[in-house]
Amino acid sequence: KQEVTQIPAALSVPEGENLVLNCSFTDSAIYNLQWFRQDPGKGLTSLLLIQSSQREQTSGRLNASLDKSSGRSTLYIAASQPGDSATYLCAVQSGTYKYIFGTGTRLKVLA
Amino acid sequence: SAVISQKPSRDICQRGTSLTIQCQVDSQVTMMFWYRQQPGQSLTLIATANQGSEATYESGFVIDKFPISRPNLTFSTLTVSNMSPEDSSIYLCSVGVGGNEQYFGPGTRLTVT
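Here the protein sequences come in this chain order: C and E. Following the numbering used here from start to finish, the first sequence increments by one per residue and tops out at 115. Following the numbering used here from start to finish, the second sequence increments by one per residue and tops out at 819.
Extracted from the complex, chain E is given alone in its bound form:
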């Protein structure tokens, strides 16, 4: 298993600003993932972050809007740039363990006013 922490747990931000979310894992993992959960919706994968390479973004998500860093095997950041109210969501990071099972962090609840 893996224990994942995220910072901040929640934030209220103004339109046009940016927020960087941190994800820390208690063990070294190859692949980390960032998801978005809009209000009342299920989870949508934003991107896959591998250490030492560029993140791979899913359709509808771009690097300019959601830049991701993965400096080592236990840490990643997701930045939500130039925010609008439509970016209000829960952002979750997860890791893949053993080739199959995914574990999730507690999430970051973002409200954009």
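Extracted from the complex, chain C is given alone in its bound form:
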């Protein structure tokens, strides 16, 4: 059974810092991995999708990497801003369209 864990559970950093969020999964047989952002009381916004054959994806200040063999993904946020404050979720696709979500990292960027 696929299990997805995110570390740390919560993170508070001053504005401008570069930071790394971690996601680990127990079954390396995944189709892809997707990172989402969730603002309080809101739905999910897709940030980056990494196919199983890819090593990383970049969008603006965000960079996500994937190491299937070790069951790990990282989301790197450069030059963090207060607007980046949100909960970040990773999800792995283990079957056709079926996603298993991680526990999330609550990020707070202080001005």
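Since the hints were derived computationally from the structure, they do not count as laboratory data. Just so you know, these numbers come straight off a predicted model, no measurement behind them.
Cross-link-like lysine-lysine pairs, in silico, DSS-like; alpha carbons within 30 Å at most:
no.: 1; chain 1: C; residue 1: Lys5; chain 2: C; residue 2: Lys102
no.: 2; chain 1: E; residue 1: Lys713; chain 2: C; residue 2: Lys46
no.: 3; chain 1: C; residue 1: Lys46; chain 2: C; residue 2: Lys102
no.: 4; chain 1: E; residue 1: Lys713; chain 2: E; residue 2: Lys771
no.: 5; chain 1: C; residue 1: Lys5; chain 2: C; residue 2: Lys46
no.: 6; chain 1: E; residue 1: Lys713; chain 2: C; residue 2: Lys102
no.: 7; chain 1: C; residue 1: Lys46; chain 2: E; residue 2: Lys771
no.: 8; chain 1: C; residue 1: Lys112; chain 2: C; residue 2: Lys72
no.: 9; chain 1: C; residue 1: Lys5; chain 2: E; residue 2: Lys771
no.: 10; chain 1: C; residue 1: Lys72; chain 2: C; residue 2: Lys5
no.: 11; chain 1: C; residue 1: Lys102; chain 2: E; residue 2: Lys771
no.: 12; chain 1: C; residue 1: Lys46; chain 2: C; residue 2: Lys112
no.: 13; chain 1: C; residue 1: Lys72; chain 2: C; residue 2: Lys102
Mind docking chain E on chain C? Use the hints.
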């Protein structure tokens, strides 16, 4: 990509009643999904809804409690039946696009008193 809307955005309901949540997509999609996010928790898949067939429920979720309709390729409903306070959650619908990426609606925040 896909743009998804949900109605209602939030509701407060009494124990024992039912609520139907609507999900509308701006394009035709084969597969739609319903998730539950309990307070302080991550997302849990309730069921997969394909147009023209019965919904497929995940372990721990049953059709009598969470009946789902999928009348066409742009619309689905989820009903939360005979509600109890334990059903208080955010309910989200999502769609799969291009075989991989999932897009989510804004969610419906349900409080059961």
